Amino acid sequence: MKTIITSTGNQLNSVFDLRFGRASWFCLYDDQSGEISFIENENINAQSGAGTKTVEKVVELGVKKVISGDFGPKAKELLEKFNIQMVLLQDDKNTMQRIIDQLKS
Amino acid sequence: MPRRIRLRKVVEPPRFKGYRPFGVSSKSRKSVDLLYEEYEALKLADYDFLKHDEAAGLMGVSRPTFARIYESARRKIAMALVEAKEIKTVFGNAIMDKDWYLCSKCNARFNIPDTMDKGTCPACNSKQIELLNK
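Taken in sequence, the protein lines are chains U and E.
Sequential numbering from 1 applies to the first sequence in this note's numbering.
Sequential numbering from 1 applies to the second sequence in this note's numbering.
Quick caveat, the hints were computed from the structure, so don't treat them as lab data.
Since we're looking at a predicted model, the values are computed, not measured.
Treat the hints with care, since some could be wrong.
In silico negatives: residues of chain U with every beta carbon more than 12 Å from chain E [unchecked claim]: (1) Arg19; (2) Gly34; (3) Ala46.
Partial list, computed: chain E residues near chain U (C-beta under 7 Å) [said to hold, decoys possible]: (4) Ala108; (5) Arg109; (6) Phe110; (7) Asn111; (8) Pro113; (9) Thr115; (10) Met116; (11) Pro122; (12) Ala123; (13) Cys124; (14) Asn125.
Derived pair list, reagent style DSSO-like, types lysine-lysine, alpha-carbon separation capped at 27 Å [unchecked claim]: (15) U:Lys64 with E:Lys105; (16) E:Lys118 with E:Lys105; (17) E:Lys118 with U:Lys57; (18) U:Lys81 with E:Lys88; (19) E:Lys118 with U:Lys74; (20) U:Lys74 with E:Lys76; (21) U:Lys57 with E:Lys17; (22) E:Lys127 with U:Lys93.
For every residue, glycine included, the Cβ atom is placed at its ideal position computed from N, Cα and C.
Work out the full structure: start from the sequences and follow the hints.
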């Protein structure tokens, strides 16, 4: 199952991004193959609809779980429609490595 | 300091983004913001013909609060009609009537879609989760 975690950078020690549609990077983690890759967010400076565009991408990638700080109402609605699990974390000092380790545990 | 506004439960968001008066010059783009919970109150009371206290129960607020939300919804719509203003729907203080969970180990909040397995936290796999919606 694929999981996306919003990140501020493209390293494993990058800090978690609390925003969803306007996160700088997305960390894509596949728990079957253990693969970790980073995708840059193209919609970071979009005037509007960053959330919905990001959801479209998430659906395209076949992701089933999204970890972020919060989701806008539109993004929430869409993710719900596509049966994608939303996970909200409050701690903004978490690194990618820590979150992924937690996922594995 | 006033009390914080508790979240109102909304079953479904409105299917429109707003309404625009017809035959009025579009230069005067004044608008009224209709909140989701106000739309929901209007729908429950005037479309589903629920009694106010039943509707209040559905939205998770007290009956007087429901009456206030309903009142403000009616006033906004009346104002929009009379002053030929646009109506826009905005999110307001609503939560969707879906189940949200909280993990007591890592404090993650999450939902569980029908296709997922239930019972474990998706962030740390702990089993100490509780339902948030009360």
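For each hint, the structure was consulted:
With a closest Cβ-Cβ approach of about 16 Å to chain E, Arg19 (chain U) is found to remain outside the 12 Å limit, as its non-interface label requires. At roughly 16 Å, the least C-beta separation between Gly34 (chain U) and chain E is larger than 12 Å, which holds for a residue marked as non-interface. In this structure Ala46 (chain U) is separated from chain E by more than 12 Å, as the shortest Cβ-Cβ distance comes to about 18 Å. Given the 7 Å rule on beta carbons, the hint for Ala108 (chain E) holds: about 5 Å separates it from the nearest Cβ of chain U.
With its C-beta approaching chain U no nearer than about 4 Å, Arg109 (chain E) sits inside the 7 Å limit, and its interface hint holds. Because the closest C-beta pair between Phe110 (chain E) and chain U is about 4 Å apart, less than 7 Å, the hint holds. Hint status for Asn111 (chain E): holds, given a least beta-carbon distance of 6 Å to chain U, under 7 Å. Taken as an interface hint, Pro113 (chain E) checks out: its beta carbon lies about 4 Å from the nearest beta carbon of chain U, inside 7 Å.
With 7 Å as the threshold, the beta carbon of Thr115 (chain E) comes within range of chain U, its nearest partner Cβ sitting at about 5 Å, so the hint holds. Because the beta carbon of Met116 (chain E) sits about 6 Å from the nearest beta carbon in chain U, less than 7 Å, this interface hint is met. The beta carbon of Pro122 (chain E) comes within 5 Å of a beta carbon in chain U, closer than 7 Å, and the hint placing it at the interface holds. Proximity of Ala123 (chain E) to chain U holds as hinted, the smallest CB-CB distance being about 5 Å (cut-off 7 Å).
Checking Cys124 (chain E) against chain U by beta carbon gives a least distance of about 5 Å; that is within 7 Å, so the hint holds. At its closest, the beta carbon of Asn125 (chain E) sits 6 Å from a beta carbon of chain U; the interface hint therefore holds under the 7 Å criterion. Between the alpha carbons of Lys64 (chain U) and Lys105 (chain E) the distance comes to roughly 22 Å, so the proposed pair stays at or under 27 Å and holds. Pair hint Lys118 (chain E) plus Lys105 (chain E) holds up; C-alpha atoms about 16 Å apart against a cutoff of 27 Å.
Between Lys118 (chain E) and Lys57 (chain U), the direct Cα distance comes to roughly 26 Å. Compliance with the 27 Å bound is thereby established for this hinted pair. At most 27 Å may separate the alpha-carbon atoms for a hinted pair to count; Lys81 (chain U) and Lys88 (chain E) meet this at roughly 23 Å. At most 27 Å may separate the alpha-carbon atoms for a hinted pair to count; Lys118 (chain E) and Lys74 (chain U) meet this at roughly 25 Å. With a CA separation close to 23 Å, the supplied pair Lys74 (chain U) and Lys76 (chain E) stays within the 27 Å bound.
Of the supplied pair hints, the one linking Lys57 (chain U) and Lys17 (chain E) holds, its CA atoms being roughly 23 Å apart against a limit of 27 Å. The suggested pairing of Lys127 (chain E) with Lys93 (chain U) holds, with an alpha-carbon distance near 24 Å, which does not exceed 27 Å.
The structure agrees with every numbered hint stated previously.
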